[in-house]
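Number of protein chains: 2
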Amino acid sequence: MSDKVVDAPFTLAIDGMGGDNAPEVVVRGIAIAAERHPAAKFLLFGDEAALAPLLKRHARAAAACTVRHSPAVIGNDMKPTAALRVRGASMRMAIDAVASGEASGVVSAGNTGALLALSKIVIKTLPGIDRPAMAAIGPSARGDVVMLDLGANVVCDTRNLVEFAVMGDVFARTVLGLTAPTIGLLNVGTEETKGDEQLRQAADMLRESHIGPQFHGFVEGNDIAAGTTDVIVTDGFTGNVALKTGEGALRLVGQLLRQVFSSSLSAKLGYLLARSGLERLREWLDPRRYNGAVMVGLNGVVVKSHGGTDAEGFAHAVDVAMDMVVHRFNDRIREGLSRIDAQRRPTLTEKMA
Amino acid sequence: MSDKVVDAPFTLAIDGMGGDNAPEVVVRGIAIAAERHPAAKFLLFGDEAALAPLLKRHARAAAACTVRHSPAVIGNDMKPTAALRVRGASMRMAIDAVASGEASGVVSAGNTGALLALSKIVIKTLPGIDRPAMAAIGPSARGDVVMLDLGANVVCDTRNLVEFAVMGDVFARTVLGLTAPTIGLLNVGTEETKGDEQLRQAADMLRESHIGPQFHGFVEGNDIAAGTTDVIVTDGFTGNVALKTGEGALRLVGQLLRQVFSSSLSAKLGYLLARSGLERLREWLDPRRYNGAVMVGLNGVVVKSHGGTDAEGFAHAVDVAMDMVVHRFNDRIREGLSRIDAQRRPTLTEKMA
Numbered sequence: 001m002s003d004k005v006v007d008a009p010f011t012l013a014i015d016g017m018g019g020d021n022a023p024e025v026v027v028r029g030i031a032i033a034a035e036r037h038p039a040a041k042f043l044l045f046g047d048e049a050a051l052a053p054l055l056k057r058h059a060r061a062a063a064a065c066t067v068r069h070s071p072a073v074i075g076n077d078m079k080p081t082a083a084l085r086v087r088g089a090s091m092r093m094a095i096d097a098v099a100s101g102e103a104s105g106v107v108s109a110g111n112t113g114a115l116l117a118l119s120k121i122v123i124k125t126l127p128g129i130d131r132p133a134m135a136a137i138g139p140s141a142r143g144d145v146v147m148l149d150l151g152a153n154v155v156c157d158t159r160n161l162v163e164f165a166v167m168g169d170v171f172a173r174t175v176l177g178l179t180a181p182t183i184g185l186l187n188v189g190t191e192e193t194k195g196d197e198q199l200r201q202a203a204d205m206l207r208e209s210h211i212g213p214q215f216h217g218f219v220e221g222n223d224i225a226a227g228t229t230d231v232i233v234t235d236g237f238t239g240n241v242a243l244k245t246g247e248g249a250l251r252l253v254g255q256l257l258r259q260v261f262s263s264s265l266s267a268k269l270g271y272l273l274a275r276s277g278l279e280r281l282r283e284w285l286d287p288r289r290y291n292g293a294v295m296v297g298l299n300g301v302v303v304k305s306h307g308g309t310d311a312e313g314f315a316h317a318v319d320v321a322m323d324m325v326v327h328r329f330n331d332r333i334r335e336g337l338s339r340i341d342a343q344r345r346p347t348l349t350e351k352m353a
Numbered sequence: 354m355s356d357k358v359v360d361a362p363f364t365l366a367i368d369g370m371g372g373d374n375a376p377e378v379v380v381r382g383i384a385i386a387a388e389r390h391p392a393a394k395f396l397l398f399g400d401e402a403a404l405a406p407l408l409k410r411h412a413r414a415a416a417a418c419t420v421r422h423s424p425a426v427i428g429n430d431m432k433p434t435a436a437l438r439v440r441g442a443s444m445r446m447a448i449d450a451v452a453s454g455e456a457s458g459v460v461s462a463g464n465t466g467a468l469l470a471l472s473k474i475v476i477k478t479l480p481g482i483d484r485p486a487m488a489a490i491g492p493s494a495r496g497d498v499v500m501l502d503l504g505a506n507v508v509c510d511t512r513n514l515v516e517f518a519v520m521g522d523v524f525a526r527t528v529l530g531l532t533a534p535t536i537g538l539l540n541v542g543t544e545e546t547k548g549d550e551q552l553r554q555a556a557d558m559l560r561e562s563h564i565g566p567q568f569h570g571f572v573e574g575n576d577i578a579a580g581t582t583d584v585i586v587t588d589g590f591t592g593n594v595a596l597k598t599g600e601g602a603l604r605l606v607g608q609l610l611r612q613v614f615s616s617s618l619s620a621k622l623g624y625l626l627a628r629s630g631l632e633r634l635r636e637w638l639d640p641r642r643y644n645g646a647v648m649v650g651l652n653g654v655v656v657k658s659h660g661g662t663d664a665e666g667f668a669h670a671v672d673v674a675m676d677m678v679v680h681r682f683n684d685r686i687r688e689g690l691s692r693i694d695a696q697r698r699p700t701l702t703e704k705m706a
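Residue numbers (this note's numbering), protein chains in the order written: chain A, 1 to 353; chain B, 354 to 706.
In isolation and in its complexed conformation, chain A is listed as follows (with noise of 0.2 Å):
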């Protein structure tokens, strides 16, 4: 499976079916983004009776397309157990393309758990992967910042946090095209001696590692927005709550300031005036434009995009799968991996020598 021949390099497999809004977000997601990368083929897996009227209204979406029927859907509150049971469900359909190398990576707005789960048992982890984990990336004061694991891994050991780093670091330099990310271990204190022993354990590993010299130590929750790192590794747990907490907060003065901005007459003309700021800003802070978290340490990309997404965020993440396949991101993954197993292991043995 590691060593498998990819057909089509540039042919990503959708879930037609997936997300609040399918099918026709998604084909309008995909009209979008076949624009943006007229090299790209897209397998769409769906309803054909439902996929047919939408495609022959975007000529660009069609003539990038080959449809595939599947006759079944997964639901969002679907068990992930339930999930891999159902025969023809269009996200299956679409992870199997992937598994078969039909497709170098999937794009799905369905129900993350079952995506997760049949991603796991389909595709497999990566040699040397304990366990995948959700990356993406959001805004902050320093530019964009990537963080992991955004709820993949409820529970985490030492270990998974490590794999998690290197998989971040590769993720930022293929997504963020920086040559060498900084990172931080979300704890409640910079200070060496804050969080649980595991944290600390992770801490040491990472500083003794191939991306040591990166490793910039213990980071807090401010330092997200902060930008003080490049990458924020977390367990599944925390990086679910911190990023929703950090959305809240951002739609909660987004509405009070929609609110100011139409208090009054004198506050409407002010909006007005400081209009193309405030333009940029939104757009700079639009979740749509974050959209498309990555599910890292898989042997194939698969990309889940947000459910209630719009055309523009699902096309979002349809541009995060294709840089991941034009960046051999999991072969740079791979390499990472055999790096961090070969420093560790002399350093165990020192320790029980």
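Check the hints yourself; a few may be wrong.
[As the list claims (entries may be wrong)] Only pairs whose alpha carbons sit at most 30 Å apart, straight line, appear in this in silico DSSO-like list of lysine-lysine:
| # | chain 1 | residue 1 | chain 2 | residue 2 |
| --- | --- | --- | --- | --- |
| 1 | A | Lys79 | B | Lys547 |
| 2 | B | Lys394 | A | Lys194 |
| 3 | B | Lys432 | B | Lys477 |
Since the hints were derived computationally from the structure, they do not count as laboratory data.
Following the hints, put chain B in place on chain A, whose structure we already have.
Using the frame of chain A, we list chain B on its own:
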């Protein structure tokens, strides 16, 4: 200890030397608080030589304060175990004053870990409380929200989470004046199957308890700012990260808005026109308005001010301590806990039968 009689219920002990800008900010903070609480008296612990000139300049503070000389200070970087051994520290002497009944509560802007460790040992926890927690108030779209634990306990078990919920309920009644605050347990999803075993057990226990009708179930990170519930319960690691992540996101937007409004003459004029609303928003989100984390579950009122706060922020932390004292916060927590215990035992017996 639990039945001690407090000699002067409106006397607070103040650590005069704790915090980045002590003792000046502390004395100025007392001056502001004394104006708002004319009946309050303060025992101010610190270096007499440093405090005297400050009190000369602030007559209002001088009138409300009795200075007690303390020869030592607990530094910000000192470990709790080391802090326990410092004789004559301002923080230690202030805590001793609560234990002896001379004061009803203590306010410190000093070392958080030391304040918690000293309080646990000197003031002791309430009967039935396993571990005290740090609670504070933050802004949400639907009014103020209470969150705990914010970092006192990096690792928590089921019983701790249930105790935090009981204490959070009393906190919201006392400080926010709510009659039946709603309570949410922070998780990575709202479905009952989400999270680890411990979280699901805590949810079961809360549903069966006397606060069951107020228990909303699991909430997610975005529910904090949305104000889905009045109280958010979580372990100290997650709570600390979530608090700082939210603060960081708000700070980022604040910085960006300042940039937008100074980017052009037109934007500057726009700010002036929308100013009254923007100023109200800034004041509402002002971190100083939320300063003062309460160490709940102790046999006395202990309030931690942010170390870097200014006089207005310190005065707010004093306000919080006064609220707790006036509303007999600890008596009400004791009542809540006795009800949890009374209800819980038959349930456990039933399960064993």
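Which constraints among the numbered hints does this structure fail? Numbers only, ascending. 2
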